Amino acid sequence: MTLLRAEGLTKHFGGVAAVEQLSFGVEPGEILGLIGPNGSGKTTALNMLSGFLAPDAGRMWLDGAPMERLSPMQLARRGLLRMFQMTRVFARVCALDNLLTAGLARGLAEDEAARRAHELLAELTLEPVAYLDAAQLSGGQRKLLEFGMCFIEPPRVALLDEPFAAVHPVMRETMAKFIRRRNAQGHTFLLVSHDMPIVVELCHRAACMNAGRLIAIGPTRDVLRDTAVIEAYLGSGSHG
Amino acid sequence: MSGPGNLWRRRLATDFRAALAIVALLAVLPLMVTSPYTLGILIVSMYFAMLALGWNLLAGFTGQFSLAPAAFAMLGAYTTALLDYHAKAPLALGISAAILATALMGWLLGRVVLRLRGPYLALTTLSFAEIARVVVGNSHEFTRGDQGLNVPSLMESRVGYYYVFLAVLAAVLALLFMLMRGRAGRFWLAIRDDETGAESRGINVVRYKTLAFALSCMVCGLAGSLYGTFSQLVSPELGLLLQTGLVIAMVVIGGIGTLTGPILGALLVYLASEWMRGFGNVQMIVFAALVIVFARFFRTGLWGLASSRLATRGGAPAKPAPSSP
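As given, the protein sequences belong to chains A and B, one line each in that order. According to my numbering, the first sequence is numbered sequentially starting from 1. According to my numbering, the second sequence is numbered sequentially starting from 1.
Simulated from the structure, these hints should not be mistaken for lab results.
So the derived list for chain B, only partly shown, Cβ under 8 angstroms to chain A, looks like this: (1) Leu-7; (2) Phe-187; (3) Ala-190; (4) Asp-194; (5) Ser-200; (6) Arg-201.
None of these values were measured; they are calculated from a predicted model. Just so it is clear, CB atoms sit at the ideal spot from N, CA and C, and this is done for glycine as well.
Using the sequences and the hints, build the whole thing.
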């Protein structure tokens with residue numbers, strides 16, 4: 001069964017159609033890349049899928065259960081976790097305490113949360129900054145910390161919004177490794193990214209949006225060769 | 001969850017020990033201070049310390065900037081006074097009712113302001129506080145309006161009162177410490193730092209924000225109820241915005257987002273306020289200026305400065321969790 005499914009999702013802001021009749025599904029164990037030029041509606045789609053924005057029309061299911069009326073908190077508790085383009089960590093507590101808080105929020109016992117937090121700090125190369133307040137971390141370190149907060153209790157689906165944007169190449173590689181490793185264990189991702197090499201490297205399939213609509217979906221390389229996708233990125237007349 | 005893997009708890013434990021040291025110092029003071037006037041000033045300082053701890057739970061730990069702590073103290077005091085005046089209810093019942101009533105009103109206020117942030121939240125709580133004060137002041141038939149209500153005293157002994165206030169202050173401190181070192185404390189800090197982030201991690205923001213409102217207002221209501229029995233007169237003046245301003249000054253000067261800061265700030269500011277009486281009505285000018293200086297240059301307050309020194313000397317992670325709601 002499709003793990004995360006959207007059917008006819010629509011969101012208008014005034015007269016502007018941010019997302020129009022968006023339908024797609026994320027299969028268990030896959031990494032689906034959601035791509036598209038700036039303003040194509042990717043983040044609006046992610047906001048609807050993660051419960052931060054109510055759709056004007058359309059339906060969504062998580063593992064077969066309707067989810068359009070659920071709040072972000074309820075979705076998180078059902079295993080749909082969101083990473084933000086602008087990181088949302090708890091700035092005035094240390095990195096380790098951020099992970100512990102995330103673990104407790106997902107219902108872990110304190111000792112178990114602490115054990116997993118230390119493992120994640122090591123895996124994400126954050127041990128040297130474990131006791132620094134999150135406000136003191138670099139942008140890349142905060143993104144790594146958000147990965148840890150998402151995965152302290154593995155989600156059923158992780159929604160990642162531009163995790164690689166403006167991140168040092170070494171940290172990008174740490175993030176990519178983390179995603180590959182978790183995916184190899186069967187975890188599912190919906191990845192929004194502008195970084196095409198990373199999308200090609202990581203994503204089994206890609207879905208491309210333009211002007212709020214889905215214009216192509218399929219194996220990543222096929223989507224990137226799609227004429228409509230090339231036109232969306234480069235403008236009409238760019239091929240042939 | 002002990003050991004090095006828990007910086008927040010180590011900071012909190014250091015903070016709590018310092019607050020306990022102040023409480024211990026207060027406990028031995030009556031051995032040296034016998035003047036009823038001075039004891040009275042210390043009792044009022046402890047009343048403000050409770051208000052400051054209550055407000056700090058909301059503003060310092062949860063990031064919800066309320067302007068209603070004095071209004072809830074007034075409502076707590078009036079609950080006890082009205083039960084005595086109209087129903088001749090015993091004080092124990094009156095004080096318990098004040099705790100319950102202010103917790104319930106705090107919970108309701110928390111629900112009303114749930115989606116409000118920053119200036120909108122502050123203005124809404126300010127409106128609530130002013131409405132409450134005006135309603136109490138104008139309900140002559142029920143509350144005797146600005147004339148106020150007489151309240152019987154819990155006891156004759158001023159030293160006895162001193163220790164009642166100290167015991168309640170210690171109990172409030174212990175309750176806050178227990179809450180802050182547990183799940184609720186971590187979730188409040190998360191809400192303070194990033195409400196959206198907290199919700200997206202699965203924290204029930206609605207529940208924990210309303211809980212913080214209810215507890216904070218309950219502490220203020222309890223303080224007001226006790227203060228009413230001590231002063232033996234409650235009036236709408238208890239809920240003046242000026243009183244809230246004094247509470248905010250105490251917390252900012254002492255150290256917002258800590259347990260020690262509000263107690264330290266309340267004692268220093270109120271004692272200084274009494275000392276300054278001799279120089280005319282300059283207290284609020286001085287405290288407002290101090291708030292500006294602390295907010296600009298020493299955001300962690302006096303306890304923040306002191307704990308940084310301790311950490312530098314001993315290598316202990318005594319840094320408080322500074323907050324600027």
